[in-house]
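Order-wise, the sequence lines are chains A and B.
Each residue of the first sequence is one higher than the last, beginning at 63 in the numbering used here.
Each residue of the second sequence is one higher than the last, beginning at 63 in the numbering used here.
To be clear, the hints were calculated from the coordinates, so they are not data collected in a lab.
A portion of the hints provided could be inaccurate.
No distinction is drawn between identical chains; accordingly, a pair holds when it is met within one copy or between any pair of copies.
[Said to hold, decoys possible] Lysine-lysine pairs mimicking DSS-like chemistry, simulated, CA-CA at most 30 angstroms apart:
#1 297 - 146
#2 324 - 364
#3 297 - 100
#4 383 - 338
#5 100 - 360
#6 383 - 100
#7 297 - 272
#8 105 - 364
#9 297 - 383
#10 360 - 196
#11 364 - 196
#12 338 - 364
#13 105 - 383
#14 360 - 383
#15 360 - 105
#16 196 - 383
#17 338 - 196
#18 360 - 330
#19 297 - 275
#20 330 - 364
#21 87 - 383
#22 146 - 196
Protein chains: 2
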Amino acid sequence: TKQDTIDIAKLASEVLNGQRTSLSKAITLIESSNAEHKEQAQKLLQELLPYTGESIRIGITGVPGAGKSTFIEALGMMLCNLGKKVAVLAIDPSSTLSGGSILGDKTRMEELSRNKMAFVRPSPNAGTLGGVHKKSRETMLLCEAAGYDVILIETVGVGQSETYVRGMVDFFLLLVLTGAGDELQGMKKGIMELADGIVVHKSDGDNIQKARKTVREYRQILHFLQPATPGWMGKALPVSSLEKTGLSDVWEMICQFEQTMKDTSFWKTRRLEQTKEWFHTMIRDSLIDSFFQNTDRKIQVKSLEEAILQGEMTVAQGVSKLFSEGAR
Amino acid sequence: TKQDTIDIAKLASEVLNGQRTSLSKAITLIESSNAEHKEQAQKLLQELLPYTGESIRIGITGVPGAGKSTFIEALGMMLCNLGKKVAVLAIDPSSTLSGGSILGDKTRMEELSRNKMAFVRPSPNAGTLGGVHKKSRETMLLCEAAGYDVILIETVGVGQSETYVRGMVDFFLLLVLTGAGDELQGMKKGIMELADGIVVHKSDGDNIQKARKTVREYRQILHFLQPATPGWMGKALPVSSLEKTGLSDVWEMICQFEQTMKDTSFWKTRRLEQTKEWFHTMIRDSLIDSFFQNTDRKIQVKSLEEAILQGEMTVAQGVSKLFSEGAR
Numbered sequence: 063t064k065q066d067t068i069d070i071a072k073l074a075s076e077v078l079n080g081q082r083t084s085l086s087k088a089i090t091l092i093e094s095s096n097a098e099h100k101e102q103a104q105k106l107l108q109e110l111l112p113y114t115g116e117s118i119r120i121g122i123t124g125v126p127g128a129g130k131s132t133f134i135e136a137l138g139m140m141l142c143n144l145g146k147k148v149a150v151l152a153i154d155p156s157s158t159l160s161g162g163s164i165l166g167d168k169t170r171m172e173e174l175s176r177n178k179m180a181f182v183r184p185s186p187n188a189g190t191l192g193g194v195h196k197k198s199r200e201t202m203l204l205c206e207a208a209g210y211d212v213i214l215i216e217t218v219g220v221g222q223s224e225t226y227v228r229g230m231v232d233f234f235l236l237l238v239l240t241g242a243g244d245e246l247q248g249m250k251k252g253i254m255e256l257a258d259g260i261v262v263h264k265s266d267g268d269n270i271q272k273a274r275k276t277v278r279e280y281r282q283i284l285h286f287l288q289p290a291t292p293g294w295m296g297k298a299l300p301v302s303s304l305e306k307t308g309l310s311d312v313w314e315m316i317c318q319f320e321q322t323m324k325d326t327s328f329w330k331t332r333r334l335e336q337t338k339e340w341f342h343t344m345i346r347d348s349l350i351d352s353f354f355q356n357t358d359r360k361i362q363v364k365s366l367e368e369a370i371l372q373g374e375m376t377v378a379q380g381v382s383k384l385f386s387e388g389a390r
Numbered sequence: 063t064k065q066d067t068i069d070i071a072k073l074a075s076e077v078l079n080g081q082r083t084s085l086s087k088a089i090t091l092i093e094s095s096n097a098e099h100k101e102q103a104q105k106l107l108q109e110l111l112p113y114t115g116e117s118i119r120i121g122i123t124g125v126p127g128a129g130k131s132t133f134i135e136a137l138g139m140m141l142c143n144l145g146k147k148v149a150v151l152a153i154d155p156s157s158t159l160s161g162g163s164i165l166g167d168k169t170r171m172e173e174l175s176r177n178k179m180a181f182v183r184p185s186p187n188a189g190t191l192g193g194v195h196k197k198s199r200e201t202m203l204l205c206e207a208a209g210y211d212v213i214l215i216e217t218v219g220v221g222q223s224e225t226y227v228r229g230m231v232d233f234f235l236l237l238v239l240t241g242a243g244d245e246l247q248g249m250k251k252g253i254m255e256l257a258d259g260i261v262v263h264k265s266d267g268d269n270i271q272k273a274r275k276t277v278r279e280y281r282q283i284l285h286f287l288q289p290a291t292p293g294w295m296g297k298a299l300p301v302s303s304l305e306k307t308g309l310s311d312v313w314e315m316i317c318q319f320e321q322t323m324k325d326t327s328f329w330k331t332r333r334l335e336q337t338k339e340w341f342h343t344m345i346r347d348s349l350i351d352s353f354f355q356n357t358d359r360k361i362q363v364k365s366l367e368e369a370i371l372q373g374e375m376t377v378a379q380g381v382s383k384l385f386s387e388g389a390r
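So here's chain A without its partners, still in its complex pose:
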């Protein structure tokens, strides 16, 4: 309707003007599962699409306890002081199993949230993506249209979320604590090979010597692994968010990464590849989702699965039975 069109145009221009409440409203619209909202959200995105793509997109992961939000707050504050506008897509701790205490919830990135150069948006839903909202990619685009220079996307070091976030960012940072071996045990397989950089966090006080040793160990591992980004040798750096040390080294590393990637034009190539991959993933997900939406079919799959696991039929027979019996 006419009314909707006007709203969207107005909302779009408010977002472009960097109005934070409008940006929040736009994100809420994007995250809505209401059919009408979805349509409006797509109109809004279409409107804003030409103004996206100018930020540096950074994914930040780490096991629970690595101090991700403390680090993001410290890095974010430093960037604000450098005159950068920083948007954070944060995990709402109440939405993940690993949690964050009730006290923690209240104090999470409080200083950064109050900074007028920063915009902190917690993801409302955890689901299978470990705190990363399914609409994070669209939210990122909205933040770019609103003029944010750096987008920090937080994810927990478990489940499918890292691959998902790796597929939407330029630089992927892994936060670890001292004691590489033990540390890695709790992490998802293959996560080291997604990282363009590693921060050995809480490198302060009595922990400094241990942190230096851990940095050396991670450098060695990075040396052996194939780089997450072709043409970029991953780095490991010690950081203390408490004592504010090492933060500028991290930012320098990311800027150096950006320069290197832009020199070879891999920056743009990867973004196009990411968009293409995103499109194909969404096609596949839609196909599979709509196939399994049918309750009868879900039951049929389950019973065929049983028969196969009992050794009563082969997998190929199960599949052909599923597709022959009036499916699709």
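Based on these hints, arrange chain B on the given structure of chain A.
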């Protein structure tokens, strides 16, 4: 028809009796894309299913030049001499880009092929699976029904083939050469984390010292990585297929692995999980294949992809356009 039924019953009993020409014939039937053959193949598999599952399934990968076929021949011969029946699902070198010389083709596993305890089957098609045939899983089951104790499945260290093969074997072995760092550069990301064991190959002559150093380096990496199989610490071993050294260590490692896994009953659990995962992968593949079989749809996806990459529409719009316009 009646005739077909009799043939399949006869073929099944010949396979069960371990007749090699019948096993070859059965595999050819399994690999056929002819609709009638497919149906017969499923009947045959159904017949033989109760007699499968008793072998040790071993996947073997490595970069081209690592000497996979030489190693498989040496290991296979040793196992035959231990009284084991060994089936090898080998890569037909002519079917892969990395090749193998014309001379190589003729001499490949010649000794093992002639051994009456062994059965060597080259995969006819390379395709996207890097020399691994799509029907390798069924072929493996046939070999088990024919009484083979050890199944060795060769795959090249590129593309999707490792994940595919890892999903059908008990033990996954990675072959590397000396110089861990350089070596890994040519390998697919994440391959290290699929391996239950690493063989540093060509550990002979002048190369022995270097090989020992490489073994130590890989042991260190394995120490840091999450194990490919929970409860099993991956091992690195030096082997010379030329001088026949280290081969019994490899076999000992695999037997130790089998014992450990059977003690915790993870052996059976993983096999059930693999079968279940295989079923769901086949469902997804069938869905996606049949969706893209339509030429018009392929063209439509391509043109939507273009529009998205040009920034003319969002990914979500592309997807909704694809599914709204009479698709499905």
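Structure-based check of each hint:
1. When the C-alpha separation of residue 297 and residue 146 is checked against a cutoff of 30 angstroms, the pair qualifies only within one copy, where the shortest distance is 23 angstroms, while the shortest distance between copies is 48 angstroms.
2. Taking CA atoms no more than 30 angstroms apart as the test, residue 324 paired with residue 364 passes between copies only; the shortest distance there is 27 angstroms, against 49 angstroms inside one copy.
3. Taking identical chains as interchangeable, the C-alpha atoms of residue 297 and residue 100 are never at most 30 angstroms apart, the minima being 41 angstroms within one chain and 52 angstroms between chains.
4. Taking identical chains as interchangeable, the C-alpha atoms of residue 383 and residue 338 lie at most 30 angstroms apart only when they sit on different chains, with a minimum of 16 angstroms there against 33 angstroms within one chain.
5. For a Cα distance limit of 30 angstroms, the shortest separation of residue 100 from residue 360 qualifies both inside one copy, at 27 angstroms, and across copies, at 26 angstroms.
6. Taking identical chains as interchangeable, the C-alpha atoms of residue 383 and residue 100 lie at most 30 angstroms apart only when they sit on different chains, with a minimum of 14 angstroms there against 36 angstroms within one chain.
7. For the homomeric pair residue 297 and residue 272, the shortest alpha-carbon distances inside one copy (18 angstroms) and between copies (27 angstroms) are both at most 30 angstroms.
8. Taking the closest pair of Cα atoms, residue 105 and residue 364 come within 30 angstroms of each other only across two copies (22 angstroms); inside a single copy the shortest separation is 39 angstroms, beyond that limit.
9. In this assembly of identical chains, the alpha carbons of residue 297 and residue 383 never lie at most 30 angstroms apart, being 51 angstroms within a copy and 42 angstroms across copies at closest.
10. Proximity of residue 360 and residue 196 under a CA criterion of 30 angstroms is satisfied in both settings, with 23 angstroms inside one chain copy and 26 angstroms between copies.
11. In this assembly of identical chains, residue 364 and residue 196 lie within 30 angstroms of each other by CA distance both inside one copy and across copies; the values are 26 angstroms within and 24 angstroms between.
12. Proximity of residue 338 to residue 364 under the C-alpha cut-off of 30 angstroms is restricted to the inter-copy arrangement: shortest distance 10 angstroms between copies versus 33 angstroms within a copy.
13. In this homomeric assembly, residue 105 and residue 383 come within 30 angstroms of each other (Cα to Cα) only across copies, at 14 angstroms, whereas the closest approach inside a single copy is 42 angstroms.
14. Both within a single protomer and between protomers do residue 360 and residue 383 lie at most 30 angstroms apart by alpha-carbon distance, with minima of 14 angstroms and 27 angstroms respectively.
15. Proximity of residue 360 and residue 105 under a CA criterion of 30 angstroms is satisfied inter-copy only: 26 angstroms between copies versus 34 angstroms inside one chain copy.
16. Taking the shortest alpha-carbon separations for residue 196 and residue 383, only the inter-copy value of 19 angstroms comes in at or below 30 angstroms, while the best intra-copy value is 33 angstroms.
17. When the C-alpha separation of residue 338 and residue 196 is checked against a cutoff of 30 angstroms, the pair qualifies both within a copy, at 17 angstroms, and between copies, at 26 angstroms.
18. Taking CA atoms no more than 30 angstroms apart as the test, residue 360 paired with residue 330 passes between copies only; the shortest distance there is 25 angstroms, against 41 angstroms inside one copy.
19. Taking the shortest Cα distances, residue 297 and residue 275 sit within 30 angstroms of each other both inside one copy (14 angstroms) and across copies (24 angstroms).
20. In this assembly of identical chains, the alpha carbons of residue 330 and residue 364 lie at most 30 angstroms apart only when taken from different copies (20 angstroms versus 44 angstroms within one copy).
21. In the homo-oligomer, the alpha carbons of residue 87 and residue 383 lie at most 30 angstroms apart only across protomers (26 angstroms), although the nearest pairing inside one protomer, at 48 angstroms, exceeds that limit.
22. Proximity of residue 146 and residue 196 under a CA criterion of 30 angstroms is satisfied intra-copy only: 26 angstroms inside one chain copy versus 52 angstroms between copies.
Going through the hint list in order, the structure does not satisfy hints 3 and 9.
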